[in-house]
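J.: Make the full structure from the sequences, and use the hints.
Keeping their order, the protein sequence lines are chains A and L.
Counting along the first sequence from 1, when you hit position 339 you're at 339 in the working numbering, and nothing is skipped either side.
Counting along the second sequence from 1, when you hit position 58 you're at 58 in the working numbering, and nothing is skipped either side.
What the hints contain is simulated information worked out from the structure, not anything from laboratory work.
Ideal Cβ positions, reconstructed from N, Cα and C, are used throughout, including at glycine.
A hint or two may mislead.
[To be verified] If you only want the chain L side, here are some residues facing chain A, beta carbon under 7 Å, derived:
id, residue
1, S62
2, M183
3, I307
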Amino acid sequence: MKYETVIGIEVHVELNTKTKMFCRCSADYFGKEPNTHTCPVCLGLPGSLPIINEEAIKKCIQIGLALGCTISSKSLFERKNYFYPDLPKGYQISQYRWPLCIKGELKLDSGKVIRVNRAHQEEDTAKLTHQGGESLIDFNRSSVPLVEVVTEPDFSSSEEVREYAQKLQQIFRYLGVSNADMERGDMRLEANVSVRPEGQTELPPYRVELKNINSFRFMVAAIEYEVKRQIEAHEKGEKLSQETRGWNEDKKETYLQRSKEEAHDYRYFPEPDLPELKNMDQIKVDLPELPSKKTERFVSDYELNKQQVGILVESIEMADYFEKVVEAGKQNNVTPVQIANYIVNKKVDLSVDPKQIINDIQDKTSNLISDDAEFEKLAKQAIEENQKSADDFRAGKENAIQALIGGVMRLSKGKADAAQTVKILRKLLE
Amino acid sequence: MNITDLTLVETIKALENKDFSEEELNKAYLDRIEAKNADLNVFLEVKKNSKGIPAAIKDIISTQFIKTTAGSKILSTFIPPFNATVVDRLLSNNISIIGKTNLDEFAMGSSGENSAFGHTKNPWDIAKVPGGSSAGSAAAVAADLAVFSMGTDTGGSIRQPASLCGVVGFKPSYGKVSRYGLMAMASSLDVPGTFTKSVADARLVMGWVSGSDGMDSNVQEIASPSTSLRVAMTDLKGIKIGVPKEYFGEGLDPKVEKVIREAIKKLEELGAEIVEVSLPHTQYGVAVYYIIMSSEVSSNLAKFDGIRFGSSREDFGEEVKRRIMLGTFALSSGYYDDYFAKAACVRTLIKQDFEEAFKKVDVIVGPVSPTTAWNLGEKMDDPLAMYLSDAYTIPASLAGIPGLSVPCGFVDGLPVGLQILGKYMDDETVLDVGEAYEQATEWHERRPDLSF
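T.: So this is what it looks like as structure tokens:
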């Protein structure tokens with residue numbers, strides 16, 4: 001029998017707000033001394049009360065709008081009750097029946113639409129570290145704002161999941177609401193995976209939740225393993241059931257974390273410590289041009305191919321840079337296509353002056369320096385002649401590199417390729 | 001002059017007149033505590049100050065660097081790193097903490113007997129309960145062991161012990177005073193309030209502690225409270241007072257009823273118009289309360305999971321365990337709609353009962369408690385009988401409206417309190433009516449005989 005895969009995805013993204021979701025401790029916890037960003041509220045001490053962070057609410061609304069969601073005019077926080085050492089109050093303040101953003105979508109490159117069920121606001125837990133026989137709790141992360149984006153079970157392959165997750169990550173970064181770094185745990189993926197006989201329209205009577213997987217690659221591998229495991233089980237006539245599984249990267253297999261019997265009853269109820277969120281749909285937030293729109297515009301306005309555009313719009317900084325160079329190229333009749341080719345092929349560093357890129361493209365046919373050894377000699381000389389700029393750059397002053405680029409240009413009498421110059425300078429200065 | 005007889009207002013005046021010093025004031029109270037606390041078990045901890053005006057604080061209100069136990073073994077060694085907002089506000093008004101008072105564990109109880117640290121006794125008769133849960137705070141004021149005290153009221157925990165101990169107990173509107181630093185029992189019901197020797201004292205303290213602190217999102221910024229001492233109303237002309245027939249039904253001790261009826265007659269003599277009103281959903285109050293309160297309890301007490309506070313969950317007392325179990329059940333999947341959600345709907349009906357009644361009247365009066373103080377141990381084996389003793393205080397808690405208990409007489413030597421309820425956020429009118437009644441009667445001047 002043939003089977004098809006049914007997958008729904010839950011993404012948690014940590015917002016980069018200044019302060020935490022329900023207290024005014026700094027939310028910038030990464031790499032900080034444990035338990036230094038804490039107060040009675042995020043430690044869950046008796047008598048403490050939560051206060052809503054409006055910046056987080058705005059960022060959640062931005063995410064919702066970027067995904068085409070409806071913003072609920074009335075929204076409520078609820079308590080999700082469960083016991084875990086990383087949860088100091090014994091419940092997480094989350095949203096359940098009245099999420100902030102509902103019913104959105106995200107389109108994949110194939111044109112397939114993934115329906116977004118909701119984007120809601122909640123708080124992160126503390127961080128547990130297990131050392132030897134001991135478990136350590138760092139409350140710096142406790143109550144950092146999280147947004148959870150939940151899809152309908154619309155994915156039918158691990159590749160679709162990867163594309164969705166990457167697109168979502170790109171949107172978070174465009175919005176500037178999160179670093180969305182998987183390895184750091186800014187962005188976390190959970191997949192609900194099941195399989196059903198091909199042609200069957202109703203959802204399978206079970207789903208397996210894949211949790212605590214911290215990279216796109218591992219998630220894809222876990223889904224593929226899981227699909228295989230489930231099909232084999234079906235073929236053997238085994239009954240699959242609701243469970244939570246993790247990924248063992250060493251053994252390249254999923255493993256059981258929690259079975260249906262151990263499933264939590266979260267006993268959600270409206271958070272009595274917080275007022276209802278009212279008129280949320282009236283809140284004004286700014287949205288940048290999003291990757292999908294930008295892609296369309298770059299393709300139609302600049303007549304570029306989709307693959308190039310994909311690279312150019314990868315980050316908002318890259319896209320802005322490209323457009324600056326296009327602007328600079330207008331007087332010199334350098335076309336967007338030439339610029340796109342140059343930027344993509346040379347992997348241009350964004351600190352290069354756009355005018356210099358135009359010069360380079362124009363000089364491309366003329367006699368640019370091609371010998372690496374000679375190039376390096378010029379670069380070293382430029383650094384020696386301008387030690388101060390070199391020191392400044394090493395101390396973190398990005399702009400100081402401009403003076404050194406100028407030096408190399410002067411020494412080479414304009415025959416150095418700017419993109420190449422930056423690369424060599426960076427290498428020498430590291 | 002006996003220093004410990006004075007009200008807060010009188011004490012402040014006496015200090016201004018240099019009739020005695022703050023040191024003498026504190027010494028007078030500390031001496032009295034020294035003499036009487038062992039018999040009454042009012043204080044869990046006494047602080048020996050020589051400055052400020054001594055007030056007692058219910059031990060569920062967080063005090064920085066002073067042990068705060070909530071009357072529970074589970075917090076028997078807990079020292080909070082921060083003050084509750086009400087404590088901070090008192091301290092900045094020259095109030096000092098003379099001690100932390102005994103209470104039913106996590107404010108769960110109506111008799112004071114659920115404390116892990118022994119029960120408090122009623123100063124009017126040490127064989128009787130003082131009421132609860134703010135047992136120690138009520139007894140402290142009744143026995144003149146503090147100038148005034150702070151308590152919390154979730155379903156009657158200020159008004160009921162005030163009634164049983166013969167002192168003035170005031171529960172402000174929910175959202176008038178910050179709950180920050182109150183160890184939560186039921187977050188949508190908990191309200192900090194006062195035990196005082198006069199209504200004017202209650203008004204003065206409320207002026208200090210009311211208003212937003214930026215820490216409790218449910219505090220409303222409606223009408224800033226008056227901090228000045230107002231000239232008391234001497235009559236009640238033009239005031240309409242509602243008497244709910246549901247508060248005079250089965251279960252009300254006829255002797256208590258007689259005292260309350262006399263008090264209502266007194267209000268009429270003072271010029272008030274007495275109107276019968278109906279609060280038709282009163283009979284569902286206790287049931288609704290025990291579902292909503294216990295649901296919130298089951299969540300609020302989850303933090304005492306044995307990981308952070310040094311004690312295991314086995315250290316919870318019987319009543320606390322009972323409510324955690326009840327609430328966990330009421331919120332469970334499959335039961336939520338039948339219990340919690342339905343209770344939330346009926347809560348709205350109870351709120352609407354009051355809104356309807358307050359279209360016709362300015363305040364509502366009735367008994368606080370169906371009986372006077374009962375014998376220690378009498379209801380300990382019958383939780384339901386204990387729960388029903390709060391039938392007249394619970395509806396106002398569910399509605400979030402202000403409520404006052406003011407001494408209005410005695411039955412067989414035990415005090416009876418008159419309950420005055422007001423419109424949401426109209427705390428002032430409740431205090432006005434209470435004060436006019438108090439000025440016209442002498443019940444509040446009586447003191448228990450502590451020569452046991």
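J.: Report holds or violated for the interface hint on L:M183, using the least CB-CB distance to chain A and a cut-off of 7 Å.
T.: With a closest approach of 4 Å, the L:M183 hint holds.
J.: Under 7 Å, Cβ to Cβ, is where L:I307 needs to be relative to chain A, so tell me if that hint holds or is violated.
T.: This interface hint holds because 5 Å falls under the 7 Å limit.
J.: So, as I understand it, the hint says L:S62 touches chain A; can you test that by seeing if any CB pair is closer than 7 Å?
T.: With Cβ-Cβ at 4 Å, under 7 Å, it holds.
Of the numbered hints stated above, none is contradicted by the structure.
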